[in-house]
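K.L.:
Each residue of the sequence shown is one higher than the one before, starting from 573 at the first, in our numbering.
Do not rely on the hints blindly, as some may be mistaken.
[Unchecked claim] Computed spacing ranges between beta-carbons, pair by pair:
id : residue 1 : residue 2 : range
1  : 830       : 678       : 37 to 43 Å
2  : 676       : 800       : 22 to 28 Å
3  : 841       : 658       : 17 to 23 Å
4  : 807       : 700       : 27 to 33 Å
5  : 659       : 779       : 33 to 39 Å
6  : 703       : 744       : 32 to 38 Å
7  : 829       : 629       : 23 to 29 Å
8  : 830       : 722       : 35 to 41 Å
9  : 673       : 578       : 25 to 31 Å
10 : 757       : 587       : 24 to 30 Å
11 : 742       : 779       : 20 to 26 Å
Calculated directly from the structure, the hints in this document are not laboratory data. We put the beta carbon where it would ideally sit given N, CA and C, even for glycine.
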Amino acid sequence: MATLVERLGYPSDARLLIITCENLGCAHATNVGAYDVLRAGIGTSASLMVPCPWAREAAADYRGEDVGVNLTLNAPFERYRWGPITLAPSLLDGDGGFPRTANDLWDHADTEEVRRECRAQIERAILWGFDVNHLGSHLDALNARPEFFDVYLELATEFNLPLRLQSGQNESVYGFPFRSRAQEHGVLSPDRVLRPRTAEALEQALAEIEPGVTELVVNPGIETPELRAAHPGWGGWVAQHDLLVKAVSIPKLLDRTGVTRIGYGALRAAQTAGGP
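Start from the sequences and build out the full structure, keeping to the hints where you can.
P.N.:
What follows is the structure, encoded as structure tokens:
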């Protein structure tokens with residue numbers, strides 16, 4: 573079988589990099605941050621959180637960028653809340669929003685309501701005008717449990733979209749072969765996913781990209797009173813934004829390491845084409 577990079581038309585030892593701006597739609601600050609990074613030519617993809625309060629603004633500012641849907645079934649912040657667009661009872665916590673943790677979701681969610689909610693999120697993004705080209709899972713809630721992964725994989729197959737999946741070593745942690753199952757259904761995924769939490773970790777990760785397809789998930793945001801009030805880790809998001817948009821070292825670093833940046837659109841095209 574051809575490797576993923578070979579299916580994408582590159583030599584087997586190529587180092588391909590997707591830089592995905594997560595949290596599009598989460599807040600005005602993250603909308604500005606994500607589009608800044610994409611339009612600066614550094615980021616190559618973004619993940620939209622449809623149920624979040626600022627998702628409609630993200631849609632209004634969309635200019636055809638590489639965007640997928642980060643299927644969202646949690647609202648992890650203490651004071652900043654959002655909930656299911658289908659108003660599904662099993663997806664609500666005592667505050668009237670999504671559960672804050674994946675464990676709480678897994679304890680109470682009805683899988684049919686999960687399926688209906690996730691499909692509605694994809695369909696709403698399409699209705700808003702997004703050319704949706706991949707699916708992710710907020711807090712990895714759909715990837716880490718087999719009954720929820722069934723929904724994740726079903727929707728990827730139905731809409732013929734690649735998935736963000738954790739790296740293969742997590743199969744032993746999660747207890748089921750999610751990558752093998754995705755491959756059996758012809759669903760593509762980057763070889764590995766990295767989530768640097770600080771600007772320093774991000775810069776190091778960019779310098780150490782391995783052969784294959786790596787997805788680097790970043791969280792750029794601009795400093796606003798709303799973001800400071802909503803998220804205790806706002807400083808890390810602002811630092812990532814500033815590094816990716818303002819630092820002259822990042823383009824030079826990527827050129828020096830010989831990494832080729834691609835978007836999820838390349839994976840969708842290869843998946844749609846099919847074949848080994």
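K.L.:
Which of the listed hints are broken here?
P.N.:
Violated hints: 3, 5, 7 and 9; rest satisfied.
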